[in-house]
Each structure stands twice: as structure tokens, then as C-alpha cells.
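Using the sequences and the hints, build the whole thing.
Protein chains: 2
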Amino acid sequence: MGEALGGLKRTLMCGEVRENNVSQKITLMGWVQRNRKLGGLQFIDLRDRTGIMQIVFGEAINAEAFEKAKDVRPEYCIAVTGEVVLREAPNHNMPTGLVELKCESLKILSESDTPPIYIKEGLDAAESIRLKYRYLDLRRPDMQRIFMIRNRISKSVRDYLDDNNFLEVETPMLTKSTPEGARDYLVPSRNYPGMFYALPQSPQIFKQLLMVSGFDRYYQIVKCFRDEDLRANRQPEFTQIDLEMSFVEQEDVIKMNEGLIAHVFKEVAGVDVKLPIKRMTFKDAMEKYGSDKPDLRFEMEITNITEDVKDMDFVVFKSAIEAGGSVRALCLKGGADLGRKPIDKLGEFVKTYKAKGLAWIQLKEDGVKSSIAKFLTDDVTNSIVKTMGAEVGDAIFIVADKNSVVFQSLGALRLELAKQFDLIKDKNEFNFTWITEFPLFEYDEEEGRYHAAHHPFTSPMDEDLDMLETNPGEVRSKAYDLVLNGEELGGGSIRIHDSNLQQRMFKALGFTEESAQERFGFLIDAFKFGPPPHGGLAFGLDRMVMFLAGTENIKDVITFPKNQNAYCYLSEAPNIADEKQLQELGISINVKEK
Amino acid sequence: MGEALGGLKRTLMCGEVRENNVSQKITLMGWVQRNRKLGGLQFIDLRDRTGIMQIVFGEAINAEAFEKAKDVRPEYCIAVTGEVVLREAPNHNMPTGLVELKCESLKILSESDTPPIYIKEGLDAAESIRLKYRYLDLRRPDMQRIFMIRNRISKSVRDYLDDNNFLEVETPMLTKSTPEGARDYLVPSRNYPGMFYALPQSPQIFKQLLMVSGFDRYYQIVKCFRDEDLRANRQPEFTQIDLEMSFVEQEDVIKMNEGLIAHVFKEVAGVDVKLPIKRMTFKDAMEKYGSDKPDLRFEMEITNITEDVKDMDFVVFKSAIEAGGSVRALCLKGGADLGRKPIDKLGEFVKTYKAKGLAWIQLKEDGVKSSIAKFLTDDVTNSIVKTMGAEVGDAIFIVADKNSVVFQSLGALRLELAKQFDLIKDKNEFNFTWITEFPLFEYDEEEGRYHAAHHPFTSPMDEDLDMLETNPGEVRSKAYDLVLNGEELGGGSIRIHDSNLQQRMFKALGFTEESAQERFGFLIDAFKFGPPPHGGLAFGLDRMVMFLAGTENIKDVITFPKNQNAYCYLSEAPNIADEKQLQELGISINVKEK
Chain B
64 MGEALGGLKR
74 TLMCGEVREN
84 NVSQKITLMG
94 WVQRNRKLGG
104 LQFIDLRDRT
114 GIMQIVFGEA
124 INAEAFEKAK
134 DVRPEYCIAV
144 TGEVVLREAP
154 NHNMPTGLVE
164 LKCESLKILS
174 ESDTPPIYIK
184 EGLDAAESIR
194 LKYRYLDLRR
204 PDMQRIFMIR
214 NRISKSVRDY
224 LDDNNFLEVE
234 TPMLTKSTPE
244 GARDYLVPSR
254 NYPGMFYALP
264 QSPQIFKQLL
274 MVSGFDRYYQ
284 IVKCFRDEDL
294 RANRQPEFTQ
304 IDLEMSFVEQ
314 EDVIKMNEGL
324 IAHVFKEVAG
334 VDVKLPIKRM
344 TFKDAMEKYG
354 SDKPDLRFEM
364 EITNITEDVK
374 DMDFVVFKSA
384 IEAGGSVRAL
394 CLKGGADLGR
404 KPIDKLGEFV
414 KTYKAKGLAW
424 IQLKEDGVKS
434 SIAKFLTDDV
444 TNSIVKTMGA
454 EVGDAIFIVA
464 DKNSVVFQSL
474 GALRLELAKQ
484 FDLIKDKNEF
494 NFTWITEFPL
504 FEYDEEEGRY
514 HAAHHPFTSP
524 MDEDLDMLET
534 NPGEVRSKAY
544 DLVLNGEELG
554 GGSIRIHDSN
564 LQQRMFKALG
574 FTEESAQERF
584 GFLIDAFKFG
594 PPPHGGLAFG
604 LDRMVMFLAG
614 TENIKDVITF
624 PKNQNAYCYL
634 SEAPNIADEK
644 QLQELGISIN
654 VKEK
Chain F
64 MGEALGGLKR
74 TLMCGEVREN
84 NVSQKITLMG
94 WVQRNRKLGG
104 LQFIDLRDRT
114 GIMQIVFGEA
124 INAEAFEKAK
134 DVRPEYCIAV
144 TGEVVLREAP
154 NHNMPTGLVE
164 LKCESLKILS
174 ESDTPPIYIK
184 EGLDAAESIR
194 LKYRYLDLRR
204 PDMQRIFMIR
214 NRISKSVRDY
224 LDDNNFLEVE
234 TPMLTKSTPE
244 GARDYLVPSR
254 NYPGMFYALP
264 QSPQIFKQLL
274 MVSGFDRYYQ
284 IVKCFRDEDL
294 RANRQPEFTQ
304 IDLEMSFVEQ
314 EDVIKMNEGL
324 IAHVFKEVAG
334 VDVKLPIKRM
344 TFKDAMEKYG
354 SDKPDLRFEM
364 EITNITEDVK
374 DMDFVVFKSA
384 IEAGGSVRAL
394 CLKGGADLGR
404 KPIDKLGEFV
414 KTYKAKGLAW
424 IQLKEDGVKS
434 SIAKFLTDDV
444 TNSIVKTMGA
454 EVGDAIFIVA
464 DKNSVVFQSL
474 GALRLELAKQ
484 FDLIKDKNEF
494 NFTWITEFPL
504 FEYDEEEGRY
514 HAAHHPFTSP
524 MDEDLDMLET
534 NPGEVRSKAY
544 DLVLNGEELG
554 GGSIRIHDSN
564 LQQRMFKALG
574 FTEESAQERF
584 GFLIDAFKFG
594 PPPHGGLAFG
604 LDRMVMFLAG
614 TENIKDVITF
624 PKNQNAYCYL
634 SEAPNIADEK
644 QLQELGISIN
654 VKEK
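Taken in sequence, the protein lines are chains B and F.
Remember, my numbering sits 63 above the position in the first sequence when you count from 1.
Remember, my numbering sits 63 above the position in the second sequence when you count from 1.
To be clear, the hints were calculated from the coordinates, so they are not data collected in a lab.
Since this is a predicted model, take the numbers as computed values, not measurements.
The beta-carbon is built from N, C-alpha and C at its ideal position, and this holds for glycine as well.
Any given hint could be a false lead.
[To be verified] With a cut-off of at most 25 Å between alpha-carbon atoms, the simulated SDA-like pairs for lysine to any residue come out as follows:
1. B:Lys286 <-> F:Ala245
2. F:Lys329 <-> B:Asn227
3. F:Lys195 <-> B:Gly584
4. F:Lys591 <-> B:Gly257
5. B:Lys218 <-> F:Ala325
6. F:Lys618 <-> B:Tyr181
7. B:Lys591 <-> F:Ala188
8. F:Lys643 <-> B:Glu509
9. F:Lys318 <-> F:Arg297
10. B:Lys286 <-> F:Glu411
11. F:Lys170 <-> B:Ile587
12. B:Lys329 <-> F:Gly388
13. F:Lys643 <-> B:Thr90
14. B:Lys643 <-> F:Tyr630
15. F:Lys591 <-> B:Pro204
[Unchecked claim] Derived CB-CB ranges, DEER-like:
16. B:Arg567 <-> F:Lys643: 58 to 66 Å
17. F:Glu642 <-> B:Asp507: 20 to 28 Å
18. B:Glu130 <-> F:Thr533: 33 to 41 Å
19. B:Asp641 <-> F:Glu190: 28 to 36 Å
20. B:Asp485 <-> F:Lys643: 45 to 53 Å
21. F:Glu642 <-> B:Thr575: 21 to 29 Å
22. F:Gly333 <-> B:Asp507: 52 to 60 Å
23. B:Asp226 <-> F:Val148: 46 to 54 Å
24. F:Ser191 <-> B:Asn491: 51 to 59 Å
[Said to hold, decoys possible] Quick look at which bits of chain F chain B covers, simulated, 3 or more residues with Cβ under 8 Å:
25. 214-224
26. 277-289
Shown next, in the form of C-alpha cells:
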């Protein structure tokens, strides 16, 4: 069915042929994009990774090849040899459009059934079909472009880090279950039946051990695993650009990673990232944008109007303020003309973020219109308008509640307004910000105790050390996230390297000495032997590819992704296992009927 | 307990300081190798990844630092600042030996307990202790050197392949159980309780799918997993340099990989690999060296003496020949003086390879001595000696049996003699050979059927296609291994891309259409859509590091290896799992009492 190459060598790639190849005899190999008959000739568009080239067959060029070409169908894999000539009818829309190849010899390397999906740019087939026939989906030029970008990112990351004396070091995949964080994937052991390894959620502990070992600068582009319910844009296995440095403070890590990002974005996309990247504290980010990953491609800051409304006789505002909360607002330029229906929808929207409601003021040409008109005096209105910097034509949206609810709901509303009113002007902008001074702890109301906001090895800020025992909720950490266009691109921290401080940290997290030892034993032990000051960061490679390839679907940047249920349509994994093997592992299936 | 850096920056690495730094003020950071008192001064050897630098403390240099330095113990992590000066007593044995740093300021970044293993070159502590305190074991300069070599290999592999238009593409870790080969590690699924993913033994099927997708050239440095009983130099997880190319034949893959090897060995070790690398067929390798991975650093070929002995009245030889076997021998130069005891030991040695015994002839100054003297005529002896090219002073060792036993036992004896008599003269030699024309099938006597010698996608040689059904045992394949100093460094093959041929192959392997579809379904399906001719290769990265680092223990080249039982002394993995999590996975522990 398929002819052999028989020593035939490809001499160029399809997308590379240009006018300077005219009158050369070349050999191309690839897939038939289309095959048409025209004026007694046969024209095949031949496709490979680099592009498409027109091949022409004719009785007068080579009769045998011409006859064979007539039967060639889309997605056949073929090899063609012939002379490059100028096209009579050039196509200026394709890079190879000025030339064509006059085919003197055709080999059909393999035939193809009619593909169940059409191989072209911008396909919109059902996801399950795309994933089942992923090998065909990946033939689409836009998919190939994504993986060429992914390759370019990885290579430029490695080049930069290698130039900066980082060592690529591999860490284990079969490791111990990590005590905090998401659910681990388990791997049953055969040597120790009934016991399990865990796949790593990140190489965190191992990279810290490598610093204890004196490797000084480590990096790895590494698969990580989380057995979580898959929200959109999550995959059970994902890839991190993971790095760690010794003898550094926060400034050093930030500077190194700014250099990395600038290098990668320049190499891959020709984008000049302006350095230094701006910074914002977690507190500012929450107060101004209601998010620890603010999208700064548009203005619209959240403004505190508690002072302006504190004397209003409006129970919703009053009770929020009295309970220690606040009243804050967003100003939508040109929002004065919004009708009742869209405004009501915005009210519904904020309720999904636990806000009790959304008050609003419209500054129309003919006066003020408001959902809280009967509580507003002119003085209060003027005061709010002034604080907000609002003008005639604008709308003001107000939430009153405890601060966490105010921030979350107004932060979400801010993004929603940007979407609805197209506030992001430059779609190609890459707007970076470091978020710093994260809280060290998060309070878990259900369990009534503090959790580590990042992980228990994150260093508190020196200024806040005294509050570790007395006021843990206020302690800030040496943690930092790099945010790009409202998404977290990466994050890290300076780690604790002082074992006394680590003990205080464990205590604050509610660990006894025993339970800390049980859970983090080998790291605690390692830190008894002269650990260096160290810190690091991990970027989500998948997300970085999404940004640089301009896609919002994580499945587009992973060759063989799983669906929302972590199922692979292609290989049909997971699957049943051999009973004998399960016996060796000391486990048995125990599925309850539903 | 530990001082903070407080903005202090390292300006040089310990191993970098030279005479041209004299009179500069520098800051170094690292670990205390030793601390000694001498002539009213305190001398600390400070160590980091790059080497060791002498730091001197004195009352007159800086009294405060001098006082502090007195209490510093080995493996404390410290930072020192001061001026570089020439040493009064230079040490020409270390790269920094002409200079020292006069310490004006000392920070103790962290203290250290007395380490349970000594941090020095060439340690010989018990393996379990080394692995339990791996983070200290990895501080040893010789271990750090290994991982710097490993990093250098990976980087130069990536550089070469990137220059040759290979794309680094990641393939899934959570995949479907592979039907042939070693035992998979399983990963229970939570979304489909009672079902399992498998960790990949290699990305074989996925890389072939990527070729079907038109990625053209793929590579990946990737973790692979095999749940096998761990022989020496095996680890449950290991790393492959995996690559695949489209539109190629065996010559193209071999040439590309010779270029890769030459690049890596030059970059990493300054070794010039002479290209092209010599080649040998599997048949020649077996007949001459009794191995498909012959060590060619020394001569000593196996010689067939069946013709010479066929008329001897010796039942052992006779019956072997009559049964279709052969009589073959090795000649040990200078072996005539060997005493009876060492010769008897060699006899025992070959018995472990199923040989029934070892006949021998010693060509002594004063005549022939032999274990089979009573069967030897002068004519036969002369004939053997001539065929062997033996001289007075040599010994000839003979095995008669079926060929597989003759090859295996004499191949092993050849290596044993090389070891005992130190036949490998140049220990630094890198002797490469390609082994080609491997058998396509292996006959499984237990199951009474043929198995794929490599995997079922390996292409038969064109010349042997006709024998696929009639004489499968004789069919050779387009498979090739790269052998270095008697070890397999890598191997691969040209794959079948013709679906008719693939069907014939499955049939020859005893698969029905149904069972082939069940096991290899998605690859078979993919090959219906114009698969390109393709082939590839995988190198064992761990083994490559072992060669270039000069170690024979695979644990030395893996940061956190497991022991023979796949147990990690450091993290104590595997471990028990949470009962609730097992319930979610639909499995329960079912360990039988022994």
C-alpha cells in the first residue's frame, strides 16, 4: 500500500521554497492538503510542519507522475521530486506563493482514509472528536504552531538559565505523599504491598534539599500532578518551570526572573518586556482591584467611599460599616445610559460573589438617578462623586459588606464590566505586575485554624516576625507572584532557612513537634546541617504557552490532554487492570454500587 | 540561630578566585570544609559548588570576625567579605591555592550539627546511610561534579537537536497500560474508581503518533517507569533521551545520532568520537563476541573450530555437532602458564551460562597440555592451533553445545578473561559500535510462540519480507543499537508505516485482528491516515552520565535514588495511604499474610 523511500532524500521543507530555488531540482515530502484538476493539469497543495507548497503535475511534465497524481486524495503522505519554477499566477497570500514544483516523480508513501475531522486552520469540531483523533487534530497548522511556540519557550528558558549558572537537576516522580495541598495521585508499590508512592504536586521539598546540598542554582521543566476536580483550564498533569537559588533575597529572585521573562518573551514573540516590572503589594491589589492577580490592562480602581456614606441613614451601609466592613465602589465611564435590565443583571452577578446587592448611581445629563435615591442627600451624592472622580455620563456601582466580600465582588464586577464594555483596548498588550507581601497565613473558618497561604516553608517578612505568635493573620510573607493580564504566571517565595524560625512557624500552624516531624521529617532533619538562605519560583509552562500562543484553552497547549473527568479519548485511559497485577500490589477493587 | 543576608551580595564563587582578584574586596558564601588555628590566626576552607577557597581570620585583620570564626564548625553555612591577597605559602594543588581572603566581616548564615557522613571526595560510607542523608552525600564534590556533567549532557543534547530542527514535545505520564514488555506502574483513577492509568515505560506510541501528526522531528528527555525486580544498575524510574524522525531510513537516523553523540562527548568531555562509527551485524557480534553488545576495547574473537574437531572421537563435541550446534573457542595470549585451579574456576564460570563444561588446550614450551588430551591427535591439535592463530604460550578454551549456549558462555568468558587478565589497556577509551540487523522475532520456548524482539512496530528488512510467514525466526529487522564499551547506550528502529505490513506483523506475532485492535487500537487507527515513513532511537541518559562521569553505579547519577526494593531511605516512600482516599479510588488493601 505504501512505497518505500528507497534512498530518496528530502532536500527542502514545503514552507521553505522561494524564488531563489527556481530551476533547482528538489524533493519535498508531506501531506496532501488538496488535489485539484485545472486546465489539463493536476495541482496538489503539499503540507508539512513549515507550510504549504504547490505541486503541479502534467502529461508533458511527467506522464507517469501525472497519472498517479490523479488518484491522490487528501492526507495521503507523498514524496515529490521536480524543478522549482515561477508560478504564472502567483499567490501573494502564502510565503511560497511565487513558485511551484513541476513534479517529475511521485511516490505515494502511504494512503489515507477520509479523515473524520478536516485538517485546516481554526477548526471547530466537537472536543471529544478532536481528542479521539488527536493525531489528526495535531496536523492542523494552528496546533502545530502552538507546539513550536512551546518548544521555543522551553528552549529559551533553558538557554537563559544555563547562561545564569542554573543546573538542570531531575527530582523523583515516585515520592512520598505531600502533607498539605491538593490530593495526590497514588502509585501502589509491589515491593511493599498495600503501600503507596505519590506523584509529585511539585518538586518543592526536593529543590529545597538540593539547595541544602549546595547545588546553588537549580531548575527543571517538570511534570507535576494534582488529582483535583478539573475546573476549566486545569489538567491532572501539568508542567512547571521550577527554579531555586541559594544565597539570595527576594530582590535577587525577582531580578533573575524578570530577566528570564524578558528573554523568553523577546525570543519567542519579539515582545520587549519593560524592566523592572512594576510591583504592587497584596494589600494594594486587593483594595484597588479586588484581586491578588489584578488585570491592569485597564484602569477602573475600586474606591473606598465609607467616609462619604458613613452618616447616611441606610441600614445596608450602616450595618456593613458597624460590623467592621466598608462601602466601596467602581465608576463606569459612560455608564449613565445603561438601562435597568443590564444593571439588574450586574446586581445578580455580584450576588454570586456573596454580595447582598449592588447599589448604583447614574450621573445623567438631566440629573442623578440611583437605586438608593431616597437615602441620598445632595451633599452625600456630591461627596461620593468627588471621591470617585466621576463625571456626568458615568455610573457608580457600590457594594457594602465585610471587606473580603466587597473586594471579591467588586473585583469580579470590574472584570465583568471590562468584558461587557470592551475596556481592554490593546489586546496584544502583555501587562506584567509582581504582587508582593502576601499574607503568610490564611484562616480556615471551618477548621478554626491557620493554614500556610503558600506552604509552611515560606519565610515571614522580617518586620512582622514579632506578630507570628500574637497576630498571625497580619504577618506578611516573602512570597511573590508574577501576574500577567490578570492571570498568575508564576509564584514563589524566600524560604525559611533558620530552624528556630521554622519551629515557630510549625507551632503557629498548629503542629506539635511530633506531627511536624512526622510530616516534614526529612526536610526538618536536612535543615539541621547548615541550610543556605534560599528562595525560588515556579512558572506554569502551560499557561505561558497559552499567553504566547494566544489561546484560552489549556487543552490546546498539551499534545494529548484529558477531558474534565481526566479521561483520555484517544487511549481510553484509565482502564481496567490485570487481576494478577492487583494481587501483587496487595490491593483489590472495592467499588460501591451507586 | 542564623543571620540574615541583609542585602549582602555574593560577588564571586569560591572556586573562581585567582591572582587577578588580588586587592579586590569580595564576598563569598558557602560551607565550612574545615577550620583550623595556626600561628594566632584562624583558617577556614570555604566550599561551594565550584571549589574551595582559603579564608583567613586574625585579630589584626578584624577582631570581631576573628572571634566569631573561632566557634565556626564544619558545614556551617557562612558569608565572608574581605580583600583577596597572595598567600605566603601557596598551594599549587588547588586552583585557588595562590590566594586567600582576609576576612573583614563574617556572617554565620546557619549552624550545622555534626554531619553523620563526612563531606569529602571518594566517601565510602554504607549505602543506606548515604541515601538517608542524601542531601549531605550530594554535598560531596565528586557527587556535585556528576550532576554538573549530567546537566551539561542534557543541555548539549538539547542544543544539538534544536539546531537540527527537532521539537521538544511532552507526552503524557498518565496513560494506558502498555500491552507488551515489563510490568507497568499503575495509578488508580478517582473519576473512574477501580480503573487505572499506567506510567509510561517509554513514550513509544506517543512519539509515533506525533510523526503521524506531522511534527517531523521530535525529542524529549523524559522519565520512564518500569516496575521490575531491580537488578544492579536498574532504577524504577529512569530517564531517556527519546527522539523520532519522519521521512527517514536507517542511514538517516544513524547519521543524525552519530552527530549527536559526537557533539555531546566533545562538549562534555572533550572527546573526539571518530565518525562514522563502525558497524557490525547482530550475527557477526554473536559469532565473534557472543554478545549483541560486544566490548571491542580488546580483541579476542570467538573462533569456530567445528571443522577442525568434527572427526574427533569425543562424544561431547560429536553430540553437540550432531544436534546442530558447534564447537568454538577463545585463545588467551599467555594463558599457557595458568594453573589447574584458575582453569577449573573458569570451567565453573561457564557452567553458570549453561555450558556443560570448558575444554582447554595449553601450548606450553614443553608441549601441549589439555583437558581432552586423550581425544586429541597431533593433526587435530595442529588444525585447531592454526585456526585459532594460537602460539606457544597461549591457552585455548573450548565450548561445544547448541549455538546459543556456545555464544553466551564464550561471550561471558571473554569478558571474564578480560577482567582477570586486564586486557583492556586504555581505560579512557570510548569504543562505539552500531549493531544492526537484529532478529525481528524472538522465539518464546515456554509459550511456543514468537515475540517481537524490540516491539511490534519495528520494520522488517526489505530483503527478508518474504520470510515473515514462512520463516519468521530468520527475519532481520531495521533495528539498531549503539554499543559503547560493551554496554547498550541506546537503540531504536525504523517503524512499519504500511498498514498491510503491520497486519502481517501482528499475525506473525499471533494476534487476531480483534486482539491487535484491542491492544494497539489507537495506533492502528492512526496509521489509516497517511503515516509517514519514520524511525527513531532512545538513549539511556542515566547510562550516558555513568560513562561520562566514570561511575559504575546508577545510584550515583540520580539525585534521590531508590534502593533495590524501590524504597527511598530519605523520604521513606512508599508509605501507607489515607483510608478515605483509597475509598475514593475504589480500592482496598488486600495483603495476604505470609
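A quick look at each hint next to the structure:
Pair hint B:Lys286 plus F:Ala245 holds up; C-alpha atoms about 23 Å apart against a cutoff of 25 Å. Between F:Lys329 and B:Asn227 the CA atoms are separated by roughly 22 Å; this keeps the pair inside 25 Å, and the hint holds. Distance restraint check for F:Lys195 and B:Gly584: the Cα-Cα separation of roughly 12 Å lies within the 25 Å cut-off, and the hinted pair is therefore satisfied. At roughly 43 Å between alpha-carbon atoms, F:Lys591 and B:Gly257 are farther apart than 25 Å, so this suggested pair is violated.
Of the pairs offered as hints, the one joining B:Lys218 and F:Ala325 holds, with about 21 Å between alpha carbons and a cut-off of 25 Å not exceeded. Between F:Lys618 and B:Tyr181 the alpha-carbon distance is near 49 Å, which puts this suggested pair outside the 25 Å criterion. For the proposed pair B:Lys591 and F:Ala188, the alpha carbon gap of about 20 Å is at most 25 Å, so the pair holds. For a cut-off of 25 Å, the pair hint linking F:Lys643 to B:Glu509 stands: about 19 Å separates their Cα positions.
Note on F:Lys318 and F:Arg297: the hinted pairing is violated, with a Cα-Cα distance of about 29 Å set against a maximum of 25 Å. Restraint check: the Cα-Cα separation between B:Lys286 and F:Glu411 comes to about 49 Å, which exceeds 25 Å; the hinted pair is violated. Taken as a hint, the F:Lys170 and B:Ile587 pair is honoured in the structure, with Cα atoms around 22 Å apart against an allowance of 25 Å. Between the alpha carbons of B:Lys329 and F:Gly388 the distance comes to roughly 67 Å, so the proposed pair goes past 25 Å and is violated.
For the given pair, F:Lys643 sits about 61 Å from B:Thr90 by alpha-carbon distance, which is inconsistent with the 25 Å threshold. As the CA atoms of B:Lys643 and F:Tyr630 are separated by approximately 22 Å, the hinted pair is consistent with the 25 Å bound. A C-alpha spacing of about 20 Å is found between F:Lys591 and B:Pro204, which places the hinted pair at or below 25 Å, so the restraint holds. At about 31 Å, the beta-carbon gap between B:Arg567 and F:Lys643 misses the expected band of 58 to 66 Å.
Between F:Glu642 and B:Asp507 the beta carbon distance is about 22 Å. The supplied range of 20 to 28 Å therefore holds. For the pair B:Glu130 and F:Thr533, the supplied restraint of 33 to 41 Å holds, since their beta-carbon distance comes to about 35 Å. Evaluation of the 28 to 36 Å hint for B:Asp641 and F:Glu190 yields a pass: the beta carbon distance comes to about 33 Å. A hinted range of 45 to 53 Å holds for the C-beta pair B:Asp485 and F:Lys643, which are about 47 Å apart.
For F:Glu642 paired with B:Thr575, a C-beta distance near 22 Å keeps the hint of 21 to 29 Å intact. For the pair F:Gly333 and B:Asp507, the beta carbons lie near 57 Å from each other, so the given range of 52 to 60 Å is met. In this structure, B:Asp226 and F:Val148 break the distance hint of 46 to 54 Å, their C-beta atoms being roughly 32 Å apart. F:Ser191 and B:Asn491 have their C-beta atoms about 57 Å apart, which keeps the hinted 51 to 59 Å range intact.
Counting residues of the stretch 214-224 of chain F whose beta carbon lies closer than 8 Å to any beta carbon of chain B gives 4, which meets the minimum of three for the stated coverage. Counting residues of the stretch 277-289 of chain F whose CB lies closer than 8 Å to any CB of chain B gives 5, which reaches the minimum of 3, so the coverage claim holds.
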